[in-house]
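Protein chains in written order, with my numbering: chain C, 1 to 517; chain B, 1 to 348.
To be clear, the hints were calculated from the coordinates, so they are not data collected in a lab. Even for Gly, the Cβ is constructed at its ideal location relative to N, Cα and C. Check before you lean on any hint, since a few could be wrong.
To be verified - Simulated restraints, written as ranges between beta carbons of each label pair:
{"#": "1", "chain 1": "B", "residue 1": "Trp286", "chain 2": "C", "residue 2": "Pro102", "range": "30 to 38 Å"}
{"#": "2", "chain 1": "B", "residue 1": "Ile45", "chain 2": "C", "residue 2": "Asp82", "range": "34 to 42 Å"}
{"#": "3", "chain 1": "C", "residue 1": "Pro101", "chain 2": "B", "residue 2": "Leu8", "range": "30 to 38 Å"}
{"#": "4", "chain 1": "C", "residue 1": "Pro102", "chain 2": "B", "residue 2": "Pro268", "range": "50 to 58 Å"}
{"#": "5", "chain 1": "C", "residue 1": "Pro101", "chain 2": "B", "residue 2": "Leu20", "range": "35 to 43 Å"}
{"#": "6", "chain 1": "B", "residue 1": "Trp286", "chain 2": "C", "residue 2": "Pro101", "range": "37 to 45 Å"}
{"#": "7", "chain 1": "C", "residue 1": "Pro79", "chain 2": "B", "residue 2": "Ile45", "range": "36 to 44 Å"}
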Amino acid sequence: MTVPSGPAPAAVPAVRCRSLGVSFGAVRALHDVSLDLGPGRIHALVGQNGAGKTTLAKVLGGLQAPDSGDVHVAGRKLPSGDVRAARAAGLAMVHQHFSLPPSFTVAEALELSAFRPTGRPVYRRAELRRRWQSAAAEMGGEAVLSTRVRDLPVETRQSLEIVRALATDARIVILDEPTALLTPAAIDTLFERLRRLRDDGVTVLVVLHKLREVAAVADTVSVLRDGELVLGPSEMSEVSQGRLSDAIVGPASEADRAVGVETTADGGRRTLLELVRVSSRESAFEPGLRSIDLSVETREIVGVAGVEGNGQRSLVSVIAGLGAVVEGSVVLGGTEMTRAPPARRRQRGLRLVPFDRNSEGISRVAPVWLNQSALRLIGWRQRRLPLISLRYYKRQAAEAMDHWQVRYDSVTQPAESLSGGNVQRLILSREMAPGLEVLVAAQPTRGLDFSATNFVRRSLRRLRDSGAGVLLVSSDLDELFELSDRLLVMYGGSIVARFEAPYDRRAVGDAMTGALR
Amino acid sequence: MTGGLQRLASTIVLVGFSFLLTALVLWTSGYGVGDVFSGTIQGAITATGAATSTVRWAIPLLLIGLGVVIGFRAGFFNIGGQGQFYMGACAALVVSLGWRGGPATLVILCGTAAAIIAGSAWSLLPGYLRVRFGTDEVLTTLMMNFIGALVLQYLTAGPMRNPSGTGQTAASERIPEAFRITDSSGVSATVLLLVGGVAVLVWLLLERTRFGLTMTLVGRNPTMARWQGIDVRRVGLVTFGLSGALAGLAGAVELHGPGARLVTGFSPEVGFTAVVVALVGLLSVWGTVVAAIFFGGLQSAILFLPIVTDLPPPALVLLHGMVAFLVTVKFRSARRRRAPLVPEALAD
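Isolated chain C (complex conformation):
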């Protein structure tokens, strides 16, 4: 990677913020943040979940009016909290969450947000398709222009959001955690794009989580911690990795308390989950399972590697009881469960951390205590009286959440008010309740910050050590290598390779890309 020899010191910064402050109630999201972003460079913004990164991005994009301070673009002051003015000034934003209308086709969604629409009030589908063919090709995957946005898998939806923002003629692009949902290959493609944009003179501000990604793409780096700018913007070449992580975590970071897990597993080695030649129907974006053989025993973490979209979702759905099995059998705790409803599998000790924690893992609008108590609602611990005590439920939820170090204000707040890391802790606190035999964790650390990621990984390891079985589905090879006792690689709906530690990164990579076949 070549770093251009920086602009002349006298150049007007592309973006300048002066003493920005934002508070939400008692929470101080940003405090006295002053930041100059030089033109034509890639600026990384890092920090833990809840450090204020998204808030800062929103202030710059005009989506959030700051309580104090102001934003200047190319020397001119932006009216605060005005999205149109920000766009007119050449700012484009790629959000962390999806913002495109789900019922639109890809082509329509792109046209909708284009700066220069076709100019006619009536459009023809064929014309739209011609216009956006090349943009869609950059999304990668098998995205089709006539596909509806809601039918796209999360990865492709995320790429589409990026393509959309880049398709406008923005001079400054702000990306809020764009890599959180992308595969490693897609991340490389994205970074390549960002570099091309920079070389065209566009200023890029990208919120990132992983230091490796920062090192790979950024020219400068800034660190937010608890709403304050604690480092930067500093040239990447002048900051050591160690100093960066210190800045992110802060001094004397509280050591995470040990989190115990109760399982019913005893000393002996047993097979907890077994799939025998399981095949399932293919879905719109994933191949179905093709004769999958897999088993998870007590005291082991079985990793499932693979480029996303190679049947991992089908695999997790089939185990959860939400996907139809065409052939083969699913055995849980020694009991044949191929056709058993999800509730019975849960009763057998199956626990799940689903792929998409905000839509599958929690209800965003329901209070945290209800989210935490969801597993109690299945009728396997029937009490004689049908009536329940909400106070008891809330207290139990609060205890479990405290145990799992979920940071919340009140058990009645909606789950959407929690940060990503805390949502995942909430899900873990629910799924790892007593009775657990085998946990299927799908991308459990995706989009989480350093400390939350470490927390989740430690929890999985501790779970294994206490006797449970874990099936870890992930696209993060480092994570898989670190945690897995055995590693399976999925490709095109089949398991194409099985590895034992120590892992050969090259061999696993070959298997993931289908080079073995």
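Starting from the known structure of chain C, fit chain B onto it as the hints suggest.
This is chain B only, laid out in the frame that chain C set:
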């Protein structure tokens, strides 16, 4: 909780605003606003028999409204209360007229049971379509209202018609006096106990049972509920069944109570008003009780006003409409902020 207080305050402001708007329309049309409102108070509360009449009209509104509340809890918009109410009344009528010689208590119980079954059946059909195929229940429950009204018309003009009837609209024969649980005022201790008991039971179901929590979870995010092992379809069917059962029960209370016979197209708005009652009641059980009494009072006043003022009867319906309109606007905007219901999660 401040969120709850805020919603309560905004609802009260909204109802007050409806009064203001109505007063404005009446004033510009040249009616004495003071007379009209004092007449409304009289008709709802102070005049002889007014309070009883208020309660009489509040009863069907409350029962159907509670059904709407139950539906909403699991994320379903049952606006078929009118049809389910009619079907309940029809079923009770068929039992009462078909078994005239039966012991009164038994006939009333059977009639009520038949009404509950008919009401829930009328709701389960759209419910099944919803959970099996993802058919929009707003449309189907609405359409089922018209079929229900036609069934009522068929019975009152056909097999159950009172041949000696002289009214302009067809009406059924009267059920025997012994089969009634109130006099024509529509209020008796039995009915009050019944309705109060139902309200308490619905509250317990929604707020103090695991099934109630399950419904809440399904209503908030069916996808997540499925991942948690909840049988979303079954919860949906039970919800629709309960919702329709309450409307059917309201039909039985109407027949065995103040009605004693069924007239083609009787109480034509009660099912729709009940939806507004549930919304004004903020979709909570006790809120719905209060709102039902409020709208019962309005209904009673509408019937009373022509006696004391020169106001044409439809004029007060205006107030009714204002509240309904404003509540709907408020509800729609609140709903848009909520997470969308994911139909795929229900339709598989």
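Hint check:
no., hint, in the structure
1, B:Trp286 <-> C:Pro102: 30 to 38 Å, "37 Å, holds"
2, B:Ile45 <-> C:Asp82: 34 to 42 Å, "52 Å, violated"
3, C:Pro101 <-> B:Leu8: 30 to 38 Å, "34 Å, holds"
4, C:Pro102 <-> B:Pro268: 50 to 58 Å, "39 Å, violated"
5, C:Pro101 <-> B:Leu20: 35 to 43 Å, "38 Å, holds"
6, B:Trp286 <-> C:Pro101: 37 to 45 Å, "38 Å, holds"
7, C:Pro79 <-> B:Ile45: 36 to 44 Å, "54 Å, violated"
Figure legend: structure checked against the earlier numbered hints; hints not met, in rising order: 2, 4 and 7.
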